[in-house]
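Protein chains: 2
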Amino acid sequence: MTVYSVPLREMRFVLHDVFRAADTLTALPGFSDSTADLMDAVLDECAKLCEGVLLPINQSGDQEGCSFKDGKVTLPKGFTEAYKQYAEGGWCGLTAEPEFGGQGLPETLDYLVNEMIGSANLSLGLYPSLTQGTILALTALGTAEQKSAYLPKMVSGAWQGCMCLTEPHAGSDLGLLRTKAVPNADGSYSITGTKIFISAGEHDMTENHVHLVLARLPDAPEGSRGISMFIVPKYLVNADGSLGARNAFSAGSIEHKMGMKASVTCVMNYDGAKGWLLGQAHKGLAGMFVMMNKERLFVGSQGISVAETAYQSAATYAKDRIQGRAATGPANPDKPADAIIVHPDIRARLLFSRSIVEAVRALSVWTHINVDISHKHPDAARRQHADDLVGLMTPIVKACGTGYGSEVANTCLQVFGGHGYIREHGMEQLVRDVRITEIYEGTNTIQALDLVGRKLGIEGGRLFKAWISEVESSLKRLEGRNDMGEFTGPLKDAVARLQALTMWLTEEGKKDPNGRGAAANDYLRFFGLTVFAWMWVLMIEAALAKTDDAAFTATKLAVGRYYMQRVLPQIASLDAVVRAGSTSIMALAEGAF
Amino acid sequence: MTVYSVPLREMRFVLHDVFRAADTLTALPGFSDSTADLMDAVLDECAKLCEGVLLPINQSGDQEGCSFKDGKVTLPKGFTEAYKQYAEGGWCGLTAEPEFGGQGLPETLDYLVNEMIGSANLSLGLYPSLTQGTILALTALGTAEQKSAYLPKMVSGAWQGCMCLTEPHAGSDLGLLRTKAVPNADGSYSITGTKIFISAGEHDMTENHVHLVLARLPDAPEGSRGISMFIVPKYLVNADGSLGARNAFSAGSIEHKMGMKASVTCVMNYDGAKGWLLGQAHKGLAGMFVMMNKERLFVGSQGISVAETAYQSAATYAKDRIQGRAATGPANPDKPADAIIVHPDIRARLLFSRSIVEAVRALSVWTHINVDISHKHPDAARRQHADDLVGLMTPIVKACGTGYGSEVANTCLQVFGGHGYIREHGMEQLVRDVRITEIYEGTNTIQALDLVGRKLGIEGGRLFKAWISEVESSLKRLEGRNDMGEFTGPLKDAVARLQALTMWLTEEGKKDPNGRGAAANDYLRFFGLTVFAWMWVLMIEAALAKTDDAAFTATKLAVGRYYMQRVLPQIASLDAVVRAGSTSIMALAEGAF
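Chains as they are written, first to last, in our numbering: chain W, 1 to 593; chain E, 1001 to 1593.
What the hints contain is simulated information worked out from the structure, not anything from laboratory work.
Where is the CB? At the ideal position from N, CA and C, for every residue including glycine.
Incorrect hints may have been included.
[Said to hold, decoys possible] Partner residues aside, some chain W positions facing chain E, computed with beta carbon under 10 Å:
1. MET427
2. GLY461
3. VAL559
Extracted from the complex, chain W is given alone in its bound form:
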């Protein structure tokens, strides 16, 4: 069984000490209630749900999995009851509009709520996150009637939402999708086609399901510019809000997966199912990105959720398991061996894990504060600046949160030796569960291509410049702070190298059509490590300012030093590999693979 207690203290440190989030958020229209006290109370409440309800069914959920019979999906024992408690707590509508029953709270808070839910039970947490994505799209694009028909039930968690994009032959390349939508006389459409990898496409936990399905109208242009989005409910909704006829779609099968076994993944068949256009015809991909941007940040948080649980479990085991002796002589001479935490290798694994988890958490909180600013700030320029920062950081949060999340889970499994490989301790489940986060909502390479192929190129690097101005402002503030030189020095160096590499890449991209693609993953990783270094500088600054808890400050300094001395140096190799260009990648003939 894994060990997890919600790291409330760490979350509050980032929220209040590092970013003074309440100051920023309460100044935004609509968020005046989001004081530090209120946010703390929300986090406390959610922590109870996570530790008391969601965590206890995480391992059994994996072992039992979902079952499928005659088009019906049954979830593992306890899931429906746990989900009901989640929904009754109002968690599904935390950030939704009050007009539709939501609590209208900041995305920043939602990030921390999602992080802890994911740590407790990644599979269960995925269900409402899909509803939340659907709520976003309906809120942004729906007509007044659509909103009133669907949103209240989704905000309350009574209905499940899901996103239906992928088809057997169309994954990363959605332009290839074939599902058809034919107009009916009554203004609705008949949807026909097959979708795969549909998380939460069908189950017995909610009374209705609302699918947002991407499909082509008869007059659609080819490729990604001919895709429209449709609302396709499982049960049609009568004018009075009651449920009507069963719609003509159903789950054809469910997938057997590596992990996330309590999160159902369906093949969905639409056989002339009734749907309604959401947003404009042929503009479905833009609508999809309304959900996708939130979902990508959410998936980044999933990576870190698992990493936190892996870290806590491994740290607990390392202090308990005795094996071998410290290199400096017995640390615990009364016992036949020392706790394995005396060994440098075990400590290095734990420190690596923690330095990553804390950096990604800080980055996620900072990014979500900017999400809130980009939504609510009265000043359009401030909104744009914040939106630029979010746009630039989204691929980094997603790809680094999940890529390093997987690495942390694996390195923490290794702390357990052979015990990590067996089911009992739960570590192998974490490794299996987190693996999908590197793939779904756009593989990590898709994220890297979004960064180098799109985000860097917008208006001569406007997004990159917006971020650099933020880092420079931090460095300027800390100029002459000798107590921080060991942190600001490596950050300055990394930023300078990143700027040089970004210029190199921009030039290379003009000369070599494969240049960006060849560089993308390693460049993103370099960027992420530099952003993490910045986060560590901000955390150290805040920790040094905290004079009430010397042990806490000492811990932050120790973990931050580990990051600067033993993690950040990875950029040296990434730099060299990016600059190696695409020649050696493209040379080999296809037939020789």
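Fit chain E to the supplied structure of chain W, relying on the hints for placement.
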């Protein structure tokens, strides 16, 4: 379903073109028959077994797993029949002494046989490998009676051997083990205790099982110097060779694991089981290393076995799956999209995989040639030199073969996108199966500590110097070869840096008790990458000398260039991290984790 056909051509290239193995082997006493033709015939024969018998039950074996009832273990469908074919082919005794029914063939050949068996079915291949380890120990340490009682049945594969080391509280630290051996009046011993993680400890595939159990005699000193090894058969063996009474031990349960589900892992309870001392009292650990050294090289080959299958599967998928367009314009304008192999990211994953697989295969063959020399060469100095090389390379083959094996499996899974995460394509099984290889037969950190804490220190670096002399001889031979400068240049640089780092580490080890432990994993990785660069230089040299197949040579050049330009540069960061020392690792107080 994964794709695998035995890479016979690659194997022959390494065996014949790169290392001219037959020249060396046939010159050794007892190996005069091991000509290139004979070895080729053996490989062809084994390839049929792998492709026709072992591969087809790999996926079903994973899905069905092993079952346990009333102390009895049942293996998945088809395993007993497949194992019988394996045994009847004489594969179990490939390297065993002809005196006991073995074929007396070189370990070099056995490596390639094991590599292909592991690629086809890692779980099935583990069973005989354990018997083979047991055969080694019995051959080296057994009395004439013990040998004649056990060896013929084990060499033929009729009986299963296994190694019983780990106990619940004693894994990496075997000094803690508690299983007791009390002498009986008849010269046998009564063994009592519990062993865990016993691969092949019990099953229904063979008529008898022979356990080699580590236990303590009543007068045993504490710690690892008080461990003895005992032969403990499941059914006692009568004087005439027939099977007698059932011995007093049994499987208490089997483990539910992340992968290797068709390879049974037992908890074994010995309740006064009858055993016989193998080798000297209290010298059991030395006996264990007779098996362990072979097993460690074998486990390294398991890593590469899985990596090869992952590579072949991903390359096949990448040429078939169409998604997106090449950056240089449509490669396949008649289809709605190009095969994903046009994308730099996909190619980079495949090239990385292949550059690692080929380097580890070459390294393994070279190491096993030295194993054979160390066993058979008439000149003691030559035997010692070869043994030094093997001793130095064993931790590198084990840790890099499996660490990179895992990385390759994961990167190849990613090529499949979401399809990699579901059971159908078999990629997630590869990732789950290979994960244990980083742990068993000594975790990869135990390997790294063996390298820096033991192997480097022997007689002022004798082993390291032996290896350097080999590399320098290659570099000297290639001096002035302009056509190889792009390969020898990076190798020279890496070797120089490795020498400097090794000196730094030796000094650091004297000053800082935690210095070696802090450096071990990264230092080993640096060393491994340098050795791979050397292997690539040797492969390129051989490929350029091969004038009969321009396409083959071109492929080797392309993959070798990829390695030099995009994999080897990892050493830059590893260098920096090793030199960062242990301070940031050891600083944090235990309670703060």
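Now for the hints, and whether the structure bears them out:
1. MET427: With a closest approach of 9 Å, the W/MET427 hint holds.
2. GLY461: 20 Å, violated
3. VAL559: 7 Å, holds
Violated hint for the displayed structure: number 2, the only one.
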